[in-house]
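Please arrange chain B on chain A, whose structure you already have, making use of the hints.
For the record, the sequence lines run as chains A and B. Quick note on this note's numbering: the first sequence kicks off at 1 and runs consecutively. Quick note on this note's numbering: the second sequence kicks off at 1001 and runs consecutively.
These aren't lab readings, by the way, just hints derived from the structure by calculation. If you're wondering where the values come from, they're calculated on a predicted model, not measured in any experiment. Not one of these hints is a red herring.
Heads up, simulated DSSO-like pairs for lysine-lysine below, C-alpha to C-alpha not over 30 Å straight-line:
1. A/136 x A/56
2. B/1003 x A/21
3. A/7 x B/1004
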Amino acid sequence: MSQFLVKIIEFINVVVEYTPKFIPGVIITLQLSFFSILLGTILGFIVTMFKMSKLKPLMKATDMYVGLVRGTPLLLQLIFIFYALPEIGISLPPFSSAVIGLAFHNGAYISEIFRGAIESIDYGQREAAQSLGMTKWQSMKRIILPQAFKRSVPALGNQFIIAVKDSSLASVITITEIIMLARQYTAATFNPWPMLFIAGGYYLIITTILSKGLLIIENRLKVYER
Amino acid sequence: MIKKISILMVIMMMVFLVGCVDNGDTTTDTGVEADTLDSIIERGTMTFAMTGAYPPFNYIDTDGELIGFDIDIANAIAEKLGVEAEPVTVLWDGIIGGLTSERFDMIIGSMAVTEDRLKQVNFTEPYYYDGAQFFGKADLDVQDISEIEDAVVGVVTGTTFQNFLENMDNVKDIMQFESDIDNMRAVQQGRTDGLVTGLLVGLNGIENFDMPLEPIGDPLYTEACAIAIRKEDPKLLEAVDNALQEIIEDGTYAEISEKWFGVNILEN
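Chain A extracted, bound-state conformation (with noise of 0.2 Å):
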């Protein structure tokens, strides 16, 4: 039983020496993430607008990326951007290999995201607004988007939270966030388990700080229902 009390006490011991030592993963984590949830964002909602505008080949090539890239394992996106792509001349430095994949694989997601939300708006309010004199693109702006962004918070928020967890892949391309510190670590001391308590432990605090400021938004949005 004491050899059980004495390993925990080392292992709370190496947790307390490492979890700073995360920390510039941490930062890393965070700005991939970060980057990666705003262009992507931006992304899939142009993507769905030009999906939206009825025009042939807009759609078809949105249509393509789409599939193309919800298709394929993000790690081959990202093991493509990073070692294929220098070969044809593209040599994009780490960071921004990983921000780039990233940022297009979480757009095609929240392409559809948008889409399903608009399409969920009953067809009444743009009959509505068409009746009122609007164009098609007076009603999306003022009537229909405002509407389909708050159905999407929700679906919205998921895919932020995936997107956080996989930031965790640029290790592969040899970015040195939360999983690449665990690892280098548990590789200096060959002690996985407080490594990877504290590598879960920031994923957890940042995914629980993230869902609760999308409910705080979720709920300020809601402040005009019932």
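For chain B alone, coordinates are given in the frame of chain A:
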């Protein structure tokens, strides 16, 4: 929210505290500790781990076959023990953990003997000596790694090379890779100024894979590479040491070394 995070962390910690439970030693009915050597002989196979990404010591050729100096040594030792050798490829930064958690019987993957590692595992006598060497892009034009300002150098995570570079002040960025093959390619693509790896590995990369690298400066340090075996397997350690001694004495070792390097690398 703080409450929620704390509760989740406590639950997670309980899961991770499982690692603090002492692994009981395997015992037979007579109460004697079972050495892995016995189970190897019973099974007829010995499993050994390496990365398969360290040419010419262990790598995968164009036909998908795992080959290399380490592989040949492993096969020779297995033959002396009267069993078959079965390779297991793993990532380098988890290889010692894999050994101590009994995923395989030993490591024959060009692992260097270090004090820290000796605290975790036992090593046989060295089966070759190598030097850590800095290889730079062919056009770097310096005499030594310390001359490069703000160097960006590549290494594989968990290697002794990584430890060494972390103590160098002029190295601005250490890029971590999972394999030396990716590491060398990064230099080729201009992402790094160079890499540190085993002298023999780098030279092989230059010769056989056309990597635009050059050894720059003298070897940073030499190391002895040996076979790693769990601390609980003293009988296995002895048996493998004996087998290794036998293949050195009867010329099998020299033959394997000549095949891959043209010289006997035990006499470096």
